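A.B. asks: Sequence:
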Amino acid sequence: MLRTRSKITIGYLPLIDCAPFVVALERGLFKKWGFDVCLSPEPGWATIRDKIVYEELDFAQAVCGLPVVLNYGLRSIPYKCTSAMILNLNGNAITLSKRLCGIEGSNPEEIAHGLKAKRSYPLLFGVASFFSSHYFLLLRWLKRIKLDLQKDVRVVALPPPQMPIHLKQGFIDGYCVGEPWNSVAVFEKTGICVATSLDLASGHPEKVLVANEKYIEKKKEEHVRLVSCLIEACQWTDNPAHRAELSEMLYYGHWINQPLEIIRHSLVGPFRLGKNTFIPGRAFHVFNAEKANQPSKEKENWIINEMKEAKLLPEQSTIGISFFRLSFYLEALKLLSLEEKKSFVPFPLL
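If you use our numbering, the sequence shown corresponds to residues 3 to 352, in order.
Each hint should be verified, as a subset may be incorrect.
Restraint-style ranges between C-beta atoms, simulated for each label pair [stated by the list, open to error]: (1) Leu262 / Asn303: 33 to 43 Å; (2) Phe173 / Lys118: 31 to 41 Å; (3) Phe173 / Leu262: 24 to 34 Å; (4) Thr11 / Asp150: 38 to 48 Å; (5) Lys82 / Asn278: 24 to 34 Å; (6) Asn241 / Glu57: 34 to 44 Å; (7) Lys313 / Asn241: 38 to 48 Å; (8) Tyr74 / Leu332: 18 to 28 Å; (9) Lys293 / Gly255: 25 to 35 Å; (10) Gln152 / Thr11: 40 to 50 Å; (11) Gln152 / Lys34: 50 to 60 Å; (12) Gly172 / Lys336: 45 to 55 Å; (13) Asn307 / Arg156: 21 to 31 Å; (14) Glu223 / Ser42: 20 to 30 Å.
Derived DSSO-like pairs: lysine-lysine, alpha-carbon spacing no greater than 30 Å straight-line [to be verified]: (15) Lys9 / Lys336; (16) Lys153 / Lys191; (17) Lys53 / Lys222; (18) Lys191 / Lys100; (19) Lys34 / Lys9; (20) Lys118 / Lys310; (21) Lys9 / Lys220; (22) Lys170 / Lys148; (23) Lys145 / Lys277; (24) Lys100 / Lys118; (25) Lys100 / Lys277; (26) Lys222 / Lys293; (27) Lys82 / Lys170; (28) Lys53 / Lys221; (29) Lys336 / Lys222; (30) Lys299 / Lys53; (31) Lys191 / Lys120; (32) Lys33 / Lys222; (33) Lys310 / Lys293; (34) Lys191 / Lys216; (35) Lys120 / Lys100; (36) Lys336 / Lys220; (37) Lys34 / Lys53; (38) Lys216 / Lys100; (39) Lys293 / Lys220; (40) Lys221 / Lys336.
Everything labelled a hint here was simulated from the structure, so no lab data went into it.
Quick caveat: nothing in here was measured; it's all calculated off a predicted structure.
Cβ atoms here follow ideal geometry from the backbone N, Cα and C, with glycine treated the same way.
Take these sequences, add in the hints, and give me the full structure.
C.D. replies: So this is what it looks like as structure tokens:
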């Protein structure tokens with residue numbers, strides 16, 4: 003694939019689900035697709051939001067609600083952005099402090115009773131963003147165990163890497179976050195995972211690829227080409243046979259500053275839930291299967307409905323313009339198919 007390389011900057015957080023970007027860089031896919039990429043690690047989702055708005059980033063890994071936040075100016079400067087790709091599904095868990103002991107194997111009613119018995123004042127939970135699936139899943143779980151968000155619980159936003167530390171120090175009682183930060187608490191024996199994405203909303207959209215305004219129409223060709231590149235990276239990432247190699251790639255490349263066993267616990271599995279439940283890593287993180295990358299209307303509606311349920315959007319509000327670009331994604335799929343045909347080398351006939 004010969005073309006002048008496009009220089010772009012992509013923001014991301016050092017999480018397990020930044021894997022498609024790492025794979026695209028480490029395996030030469032960015033170069034193959036004609037990109038000179040700077041991957042910019044960021045401390046939190048608010049930084050991603052601000053750097054997209056001020057165009058310090060061309061593209062970014064983002065929580066699924068960010069396109070709504072920016073396009074409609076929810077607690078932010080209004081800014082036109084779009085997403086033509088879902089980067090992954092699932093991957094989150096709810097972790098409780100081990101100080102709240104004796105509850106991990108219980109049913110929802112027993113968990114709720116145990117939590118209330120342990121604290122005489124509201125429990126404090128952390129989430130990565132109020133516009134993320136983490137918050138939506140936490141609200142679902144609280145509703146399931148019949149804890150009142152107004153009386154029994156307070157929720158604060160924290161950068162993901164700070165959550166295990168805050169849990170260990172007793173500043174928070176639990177959190178809902180992506181990996182590896184649940185596994186960190188499990189391995190440090192300070193926390194217990196009591197629910198995952200699979201329990202609460204299996205197949206939910208997790209992170210999306212957000213493009214700043216100039217890539218919506220002015221640089222559409224580059225945008226489509228980048229999506230093709232990242233779909234190819236997601237295909238490789240999602241292959242169970244590659245998960246052990248991917249874990250080593252993230253560890254030895256210093257993309258995630260955690261021990262290899264923690265990264266493997268999440269990606270390869272089995273991921274430990276409670277005392278005696280184990281989840282295959284392949285099911286916990288979905289990067290390409292089940293049409294994961296397609297920015298469908300169904301996924302868009304899920305995000306909007308969850309934001310309404312969380313009272314981040316008025317119940318009767320109508321989102322008139324789609325913030326997903328399915329047409330870009332379909333063009334990217336077609337382009338990827340053409341490239342695969344070009345690179346296909348048939349076996350010689352004997």
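A.B. asks: Broken hints, numbered, in rising order?
C.D. replies: Hints 2, 5, 27, 34, 38 are the ones this structure does not satisfy, whereas the remaining hints hold.
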